Amino acid sequence: MKRLLNLRGALSLATACVAGYALYASWSWPFRTALFPRVIALPILFLALIEWALSVWGSEKEGEGHAVDFQFTDTVEPALARKRTIAIIIWTLGFLVLILLVGFPLAVPIFVFAYLKIAGGEPWTLTIALTAISWLSMEGLFNRLLHLPFPEGLVFALWS
Amino acid sequence: MKMLMILFISLVLFFANAPSYGASLYEGKTITIIVGYKPGGGYDRYARLIGKHLPKYIPGKPGVIIQNMPGASSVIAANHVFSIAKPDGLTIGTFNNATVIAQLIKVEGVRFDLTKFAWLGSAASDAVILSVRSDLPYRTADDLRKAKQFVIGTTGPGSSTHDFPAILGEFGGFDFKLVPGYSSSADVMLALERKEVDGRAGSYDSIKPFIDRGLVRPVIRNRTSAPGIEKLPVDENLATTQQGKLIMAVNAVPTQIYRPYVAPPATAKDALKILRDAFANVLKDKDLLAEAEKGKMTIDYVPPDDALKVVAEVLGQPPDVVKVLAKHIKFGE
Amino acid sequence: MLNAFIDGLFVVFQWNTFLMMLLGIFLGFWVGLLPGLGGTTTLALMLPFIYQMTPVEAFAFLLGMHSVVSTTGDITSILFGIPGEGTTAATILDGHAMAKKGEAGRALGAALMSSLVGALIGAFALALAIPVVRPLVLSFGAPELFMLAIVGIAFISSLSGQGGRALLRGILAGLLGLLFALVGQDPQAGVLRFTFGQLYLWSGLDLIPVLVGVFAIPEIIDLAVRGTSIAGELPRENLGRGVWVGVKDTFVHFGLTVRCSLAGTFIGIMPGLGGGVAQWIAYGQAVQSARTNEERAGFGKGDIRGVLGPGAANNSKEGGSLIPTIAFGVPGSSSMAILLGAFFLLGIMPGPDMLDKHLVLTFSMVWTMVVANIITVVISLFFLNYLAKLTLIRGTVLIPFILFFSFIGAYTSNNHLGDLLVLVAFGFLGYLMIRCGWPRAPLVLGFVLGRIAENNFYISTIRYGPSWTLRPLVLVLIALSVIVLFFPFMRFKGRPLAGGNVQ
Chain C
1 MKRLLNLRGA LSLATACVAG YALYASWSWP FRTALFPRVI ALPILFLALI EWALSVWGSE
61 KEGEGHAVDF QFTDTVEPAL ARKRTIAIII WTLGFLVLIL LVGFPLAVPI FVFAYLKIAG
121 GEPWTLTIAL TAISWLSMEG LFNRLLHLPF PEGLVFALWS
Chain Y
1 MKMLMILFIS LVLFFANAPS YGASLYEGKT ITIIVGYKPG GGYDRYARLI GKHLPKYIPG
61 KPGVIIQNMP GASSVIAANH VFSIAKPDGL TIGTFNNATV IAQLIKVEGV RFDLTKFAWL
121 GSAASDAVIL SVRSDLPYRT ADDLRKAKQF VIGTTGPGSS THDFPAILGE FGGFDFKLVP
181 GYSSSADVML ALERKEVDGR AGSYDSIKPF IDRGLVRPVI RNRTSAPGIE KLPVDENLAT
241 TQQGKLIMAV NAVPTQIYRP YVAPPATAKD ALKILRDAFA NVLKDKDLLA EAEKGKMTID
301 YVPPDDALKV VAEVLGQPPD VVKVLAKHIK FGE
Chain F
1 MLNAFIDGLF VVFQWNTFLM MLLGIFLGFW VGLLPGLGGT TTLALMLPFI YQMTPVEAFA
61 FLLGMHSVVS TTGDITSILF GIPGEGTTAA TILDGHAMAK KGEAGRALGA ALMSSLVGAL
121 IGAFALALAI PVVRPLVLSF GAPELFMLAI VGIAFISSLS GQGGRALLRG ILAGLLGLLF
181 ALVGQDPQAG VLRFTFGQLY LWSGLDLIPV LVGVFAIPEI IDLAVRGTSI AGELPRENLG
241 RGVWVGVKDT FVHFGLTVRC SLAGTFIGIM PGLGGGVAQW IAYGQAVQSA RTNEERAGFG
301 KGDIRGVLGP GAANNSKEGG SLIPTIAFGV PGSSSMAILL GAFFLLGIMP GPDMLDKHLV
361 LTFSMVWTMV VANIITVVIS LFFLNYLAKL TLIRGTVLIP FILFFSFIGA YTSNNHLGDL
421 LVLVAFGFLG YLMIRCGWPR APLVLGFVLG RIAENNFYIS TIRYGPSWTL RPLVLVLIAL
481 SVIVLFFPFM RFKGRPLAGG NVQ
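In order, the protein sequence lines correspond to chains C, Y and F. Just so we're aligned: the first sequence equals residues 1 to 160 in my numbering. Just so we're aligned: the second sequence equals residues 1 to 333 in my numbering. Just so we're aligned: the third sequence equals residues 1 to 503 in my numbering.
Calculated directly from the structure, the hints in this document are not laboratory data. Small disclaimer: the values here were computed from a predicted structure and weren't measured. It cannot be assumed that every hint is accurate.
Straight-line C-alpha distance at most 30 Å; calculated DSSO-like pairs for lysine-lysine [unchecked claim]:
id : chain 1 : residue 1 : chain 2 : residue 2
1  : F       : Lys-357   : Y       : Lys-296
2  : Y       : Lys-177   : Y       : Lys-148
3  : Y       : Lys-294   : F       : Lys-357
4  : Y       : Lys-294   : Y       : Lys-86
5  : F       : Lys-389   : Y       : Lys-208
6  : Y       : Lys-309   : Y       : Lys-296
7  : Y       : Lys-296   : Y       : Lys-195
8  : C       : Lys-83    : F       : Lys-101
9  : C       : Lys-83    : F       : Lys-389
10 : Y       : Lys-146   : Y       : Lys-195
11 : Y       : Lys-296   : Y       : Lys-231
12 : C       : Lys-117   : F       : Lys-101
13 : C       : Lys-117   : F       : Lys-389
14 : Y       : Lys-195   : F       : Lys-389
15 : Y       : Lys-231   : Y       : Lys-146
16 : Y       : Lys-245   : Y       : Lys-146
Short, incomplete list of chain C residues facing chain F, as computed with Cβ under 8 Å [stated by the list, open to error]:
id : residue
17 : Ala-41
18 : Ile-50
19 : Ala-87
20 : Val-112
21 : Leu-116
22 : Phe-142
23 : Leu-158
For every residue, glycine included, the Cβ atom is placed at its ideal position computed from N, Cα and C.
Please construct the entire structure, taking both the sequences and the accompanying hints into account.
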C-alpha cells in the first residue's frame, strides 16, 4: 500500500520538479519565449503538488481513478507480475544497449534469438526460423531497400 | 623466342585492356549521398535527382543511394560528414547553405569546419527576394519606404523569410512589422491570401510559382540575381549605413552556394578528382536538366574553388564584425 | 461542375490509372501495416518514379497509396498496440483493449468499416464543399486557428475520466504534453528551449517516437506480465466471426461515425492543425457520446465506439487535407507536402486553378481516395479473420517482434539514435502514468496542439493586437471550447445513475 502511494507520489513529485525546472530555465529568456512555458509550468507545479499531497495523505487503492485508459492486468499475482515487469524492462533496455553497441542490423537478430531462447524457451527450429525472418526484414527491407542510415555501433567504431 | 614474343604481346594486350584506375576504384561500389533534411524537401529532391544521373559520369558506374539525416537544420548531417563518414570517396554530403553562418557565429553544437571539407561545388545559387501582395500599391523600394507597419510573415529567426527583411527593415529605413511563427513558408503564402500579412521574403525559387500565379510581386532582392529579377534593387544598395551594407552582404553570400555538395575532409585525391569532374558534368547532363526544368529546380553549377572562396569570405570576417553580425543574422529552421 | 464530378470518376477507371492505383494500394497496405515504413518516407522514395507517369496516373498511385495507409495502420494498432502511423494511435486505446479481450475481429471490422465510411463522407463532403472551400479556409486566420487548438485542448476534460481526481490528473497530463511540445527552437526569438545542448532536440520531440513509446511500450510490458497471447484466456466468440459484428457496429452507432467523419474532414481542411489531432478529437467525441458514468468508465477498456470514432476521423481527415494542398499549395500534412512535390514535378501549380480549370483532375483525386478505400476494405475483410488469429500467438514469440518494429518505427523519424532514447523514455513515462492512473490521451493531445497554440497566439497578437479576441468566429469558438470543456459535467447533472442514485 505504502509502496503504491510512493509511486503515485513519486510521479507527481517528479512532474512538479519538471515544472520547476521549466520555470527556472525560462528565467533568462525573452518575454515571448518564456510566456507559454511559464503559463504552463506554473499550474503544473501547483496541481502536481496537490496531486502529491493527495497521494500521500489521501486513501486510494490501486486501480482507482477511472482514467480513460487501460489498467494493468490483475489476473497474475503481484509477485510474479513484478518479476515479469522487471524482466521485460531489462530486456527492452538491453535491446537499446545492444543497438548502441553493435548497430541496428546486427542487434535485431541477436535480440530476437536471445529473447526467444532465454526468455521464451522456444524450441530451436522456431527460434532459428524467426531469427532468420527478423534478420531478413532488417537487412533486406530496412537496410538494402530503404537504405536507412544505421550507425555502426560502438564496438565497431572503437575497433576500427 | 617465339614463346617470348607471344608472352610479350599478350602482356601488352593485357595491360592495354586493363580497366582504367578510376573504374577499379568505383566498380561495384555504392556512393552514399547524405542529405541533412527529411525526404521530400528541396535538398532531398536535388540529391535524388543528382544521384540518379551521377553514375553515368563515374567510371565503374557505382550505385548511388540517398540517406536522410535530418536534425538541427542539417548541422547533424554536416557533423557526421565531417568526422564520422570515411574519406574513401564513397560519401558525399549536402546540407543547408546557412551552415557557414552557423560556423561563423559559433552556434553551439557545430563540430565541422567548412573550409576543410573536400568541396565538390554547389548545384544551384538562389536569390532571396522580398515580395509584396499584388493588390497592394507598392511597386518600388521607395514606395515601400512610405508604408507604415508593413506586415511580413516569417517562420522564425534563422530562415531567409525572417533575417532578410529583419536586416532590411533595420538598416534600410523601412517600417516592417515581422510576424514570426508560421510553420512553413507555404503557410505564409496562405496568410498572404487571407490578407493576414502583406509580404513575404525568401528564396526566389520557392516564391516564383506564386509570382507567376499573380499572388505577389517581387520588389527587392539580394545580390544574387536570377533571370526575371535582374532589374530589382539590391538590398545592399538600399542600406543607410556602412554596417548595414556589410551585414546584408555577409547574409547574402551563402546563397551563392545554395545547394552545397561536399565530401569528407582528406578524401583521397584521386577519388575526389573523379567526384568533382562527375559533379560538374552531371549538372550539364541533358536528362538531368530536363527533369530539373520539369520539377522547377534551377541548376547553376558553382565550381569547388569558387565555393571555397565564398566560404572563406564569410568566415574571414574579423571578430568585432562577427559580434555585430550575430545580433542580426541567426541560424535556425 | 457536375460534369467534372462524373468525368473524374471515369478517369479513375481507365486502365493505366486503375493499375497505378492498385499498385499504390498494394504498397500503401504494407506501409500502413508495418511500423518503420513511414508513409512519408515511402512516398518520398516513390517520387522519382512519378517522373515517368502522366499527372493522373501519378496521383492515382500516390493517393491510392496514401489513402490506404490510415486504414491499415489501424490494424497494427488494434492487433499489437503499436501506432503504425502517427494518425492511428487513438485506435490503440480501445482497439487493442478489445484485442486483449479476445475481440480482435470485432475491433478490426469496426475500424475498417468506419475507415471506409469516414473516407466516403470525407470525399463527398469535400466534393460538395469545393465551391465554398476557398472562402472557408481563408476566413480561418491565426486567431481562429488558435481557438481551434483551444477547443482541442478543451477535450482534455472528456478524455480524463470520472471524478475530480481523474480530471486533476488529466489536466496535469495535458499540461505536461503542452510543455513537451515546447521543446526545441522557439520561433519568436530563435532561443533553444529545453534542449540540454542536444542537436537532436533542436526541432523538438518528434511525434512518432513519443507515440510509440507512450502506447506500445506499456502494452509490451502488460503482454509480458500476462504471459499469454494477446487475446488472453477469455472466450473467443468475437475473434474471427466478430468481424461482421464490428462492421455492423459502425451502423449501430452511425451518428457517432458520421459526426467524427465530419469533424475529421473539417480538421483536415484547416491547414496547420496537422494529422495527429483529428483522431483524439474524435475519440473525445466518442467518450462524450457515453450516456452513463459507467459507460464512460468503459472507455479505454474496450468500448467499440473508441474504435469507430478515430477510425472514421483519420480517414476523413485525409480527404480534407487534400484541400489546402491543392487549393492553396499549403500541405495539410507531411505526406501532403510530398504530394505537393509531385505537383510541381508534373508542372501543375496548385491554387484556384485546381478548383476551376483542372477540376476534373481534382475530382479524379477525390474519386481515387474513395475507390482505393473501398477496394482496400473489401479485400481486407476477407482475411481479417486470419489477421485476428495473430492475437492467439504466444506472447513470448510476439514480443521480440513487437519490440523490433517499435524500435524501427521510432528510428525512422529522424534516423537518429535519439529517437530510440525518446522512445524508451516515453515508454517509461507511459508505464508510470498507467500505474498511477494518469490518462495518456490528454498528454498526447497537449503534445500535438502545443506549438499550434503558441505560434498562432503570437501571430494573432503581433498582427492584430488584442482586438483579435473580438472577431466573430473567435467568439463562436470560445463558446465552443467552453461547451466542450464543461460537457462531461453538464451531461450528468440531475440524471439518475444506474442504480437509482441521483447525481
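A quick look at each hint next to the structure:
The straight-line distance between the Cα atoms of F/Lys-357 and Y/Lys-296 is roughly 21 Å, inside the 30 Å bound, and the hint therefore holds. Distance check on the hinted pair: Y/Lys-177 and Y/Lys-148 sit about 9 Å apart at the alpha-carbon level, within 30 Å; holds. At roughly 20 Å between alpha-carbon atoms, Y/Lys-294 and F/Lys-357 fall within 30 Å of each other, so this suggested pair holds. Restraint check for Y/Lys-294 and Y/Lys-86: the C-alpha separation of about 35 Å exceeds 30 Å, so the hint is violated.
Between the alpha carbons of F/Lys-389 and Y/Lys-208 the distance comes to roughly 54 Å, so the proposed pair goes past 30 Å and is violated. Using a Cα cut-off of 30 Å, the hinted pair Y/Lys-309 and Y/Lys-296 holds, with the two alpha carbons roughly 28 Å apart. Of the supplied pair hints, the one linking Y/Lys-296 and Y/Lys-195 holds, its CA atoms being roughly 27 Å apart against a limit of 30 Å. Among the hinted pairs, C/Lys-83 with F/Lys-101 is consistent with the structure: their alpha-carbon atoms are about 24 Å apart, no more than 30 Å.
Restraint check: the Cα-Cα separation between C/Lys-83 and F/Lys-389 comes to about 28 Å, which is no more than 30 Å; the hinted pair holds. Among the hinted pairs, Y/Lys-146 with Y/Lys-195 is consistent with the structure: their alpha-carbon atoms are about 19 Å apart, no more than 30 Å. At most 30 Å may separate the alpha-carbon atoms for a hinted pair to count; Y/Lys-296 and Y/Lys-231 meet this at roughly 22 Å. As the CA atoms of C/Lys-117 and F/Lys-101 are separated by approximately 28 Å, the hinted pair is consistent with the 30 Å bound.
Straight-line distance between C-alpha atoms of C/Lys-117 and F/Lys-389 comes to about 24 Å, which keeps the hinted pair within the 30 Å bound. A distance of roughly 55 Å separates the Cα atoms of Y/Lys-195 and F/Lys-389; the hinted pair therefore is violated under the 30 Å criterion. A threshold of 30 Å between alpha carbons decides the hint, and for Y/Lys-231 with Y/Lys-146 the separation of about 21 Å falls inside it, so the pair holds. Taking the CA atoms of Y/Lys-245 and Y/Lys-146, the gap is near 21 Å; set against the 30 Å cutoff, the hint holds.
The interface hint given for C/Ala-41 is met, as the beta carbon of that residue sits about 6 Å from the closest beta carbon of chain F, less than 8 Å. With a least beta-carbon distance of about 7 Å to chain F, the hint placing C/Ile-50 at the interface is held under the 8 Å criterion. With 8 Å as the threshold, the beta carbon of C/Ala-87 comes within range of chain F, its nearest partner Cβ sitting at about 7 Å, so the hint holds. Restraint check, C/Val-112 versus chain F: the minimum CB separation of about 4 Å is within 8 Å; hint holds.
Annotation: interface hint on C/Leu-116 holds; nearest CB of chain F at approximately 6 Å, less than 8 Å. Here the hint on C/Phe-142 is kept, as its CB sits about 6 Å from the closest CB of chain F, short of 8 Å. Violation of the interface hint for C/Leu-158 is found here, the shortest Cβ-Cβ separation to chain F being roughly 16 Å, above the 8 Å cut-off.
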